[in-house]
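> Let the sequences and hints guide you as you build the complete structure.
Residues per chain, in single letters:
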Amino acid sequence: NAGVTQTPKFQVLKTGQSMTLQCAQDMNHNSMYWYRQDPGMGLRLIYYSASEGTTDKGEVPNGYNVSRLNKREFSLRLESAAPSQTSVYFCASSDLVFYGYTFGSGTRLTVV
Amino acid sequence: QKEVEQNSGPLSVPEGAIASLNCTYSDRGSQSFFWYRQYSGKSPELIMSIYSNGDKEDGRFTAQLNKASQYVSLLIRDSQPSDSATYLCAVSTGGGNKLTFGTGTQLKVEL
Numbered sequence: 869n870a871g872v873t874q875t876p877k878f879q880v881l882k883t884g885q886s887m888t889l890q891c892a893q894d895m896n897h898n899s900m901y902w903y904r905q906d907p908g909m910g911l912r913l914i915y916y917s918a919s920e921g922t923t924d925k926g927e928v929p930n931g932y933n934v935s936r937l938n939k940r941e942f943s944l945r946l947e948s949a950a951p952s953q954t955s956v957y958f959c960a961s962s963d964l965v966f967y968g969y970t971f972g973s974g975t976r977l978t979v980v
Numbered sequence: 255q256k257e258v259e260q261n262s263g264p265l266s267v268p269e270g271a272i273a274s275l276n277c278t279y280s281d282r283g284s285q286s287f288f289w290y291r292q293y294s295g296k297s298p299e300l301i302m303s304i305y306s307n308g309d310k311e312d313g314r315f316t317a318q319l320n321k322a323s324q325y326v327s328l329l330i331r332d333s334q335p336s337d338s339a340t341y342l343c344a345v346s347t348g349g350g351n352k353l354t355f356g357t358g359t360q361l362k363v364e365l
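So the sequence lines, in the order shown, correspond to chains A and B.
Counting from 869, one number per residue, gives the positions in the first sequence under our numbering.
Counting from 255, one number per residue, gives the positions in the second sequence under our numbering.
Hints may be right or wrong, so weigh each one.
[Claimed, not checked] Derived CB-CB ranges, DEER-like:
| no. | chain 1 | residue 1 | chain 2 | residue 2 | range |
| --- | --- | --- | --- | --- | --- |
| 1 | A | G871 | B | S294 | 13 to 23 Å |
| 2 | B | G308 | A | D906 | 31 to 41 Å |
| 3 | A | S886 | B | D332 | 46 to 56 Å |
| 4 | B | P335 | A | E947 | 39 to 49 Å |
| 5 | B | S294 | A | P876 | 19 to 29 Å |
| 6 | B | E299 | A | M909 | 15 to 25 Å |
| 7 | A | S886 | B | S306 | 40 to 50 Å |
Since the hints were made in silico from the structure, they are not lab data.
Every value quoted in this text rests on a predicted model; they were computed, and no experiment measured them.
C-beta: ideal position from N, C-alpha, C; glycine also.
Okay, structure coming up:
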């Protein structure tokens, strides 16, 4: 019963480097989400996928791209990392938002 | 105005006391309301959900919802040191297909 698995758990990037954060869920959930969490700012939605084959922008999409690879997997890509993208990134999934989300354990990203 | 507002705290209560956490929201169309608990360095964990006006109790936790006042609260009875965490209020928005979170209230339960 893994739930939502995120990789990597920690990453340090240099400004301008690219990377992809991976997220997979084994609960057969339809919807998946990427949030970032910064001190004093709370959880802010970057992108979400309400169902396989669809993606939508959230509150803070600039600098990010996403891919809903299949029903299980939803990846977040930083094409050219900037120090402002230093944050903790959480992936979440839900069957119906009505029931709330299940979160992954997070990725702590530092861009230097 | 933020969509979901919480007092950041810290809220300090003695062990055994009742902790009261509050949240207001701006989207009158919101239908689902949640409280998440987040320990330092960990991911948020769902502890309560509420959908209709009134109270909902689960063990030591009671969630209260007043849609007319756009207000959600969480009461924690017999507070324990293990309850020390940040509590996030979340509200369904955007037609109900995503959650918007408050910035969280830090609770400290003191011995």
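> Compare the structure with each hint and give your call.
Each hint tested on the structure:
{"no.": "1", "hint": "A:G871 with B:S294: 13 to 23 Å", "result": "holds (20 Å)"}
{"no.": "2", "hint": "B:G308 with A:D906: 31 to 41 Å", "result": "holds (34 Å)"}
{"no.": "3", "hint": "A:S886 with B:D332: 46 to 56 Å", "result": "holds (50 Å)"}
{"no.": "4", "hint": "B:P335 with A:E947: 39 to 49 Å", "result": "holds (44 Å)"}
{"no.": "5", "hint": "B:S294 with A:P876: 19 to 29 Å", "result": "holds (20 Å)"}
{"no.": "6", "hint": "B:E299 with A:M909: 15 to 25 Å", "result": "holds (20 Å)"}
{"no.": "7", "hint": "A:S886 with B:S306: 40 to 50 Å", "result": "holds (46 Å)"}
Checked against the numbered hints above, the structure violates none of them.
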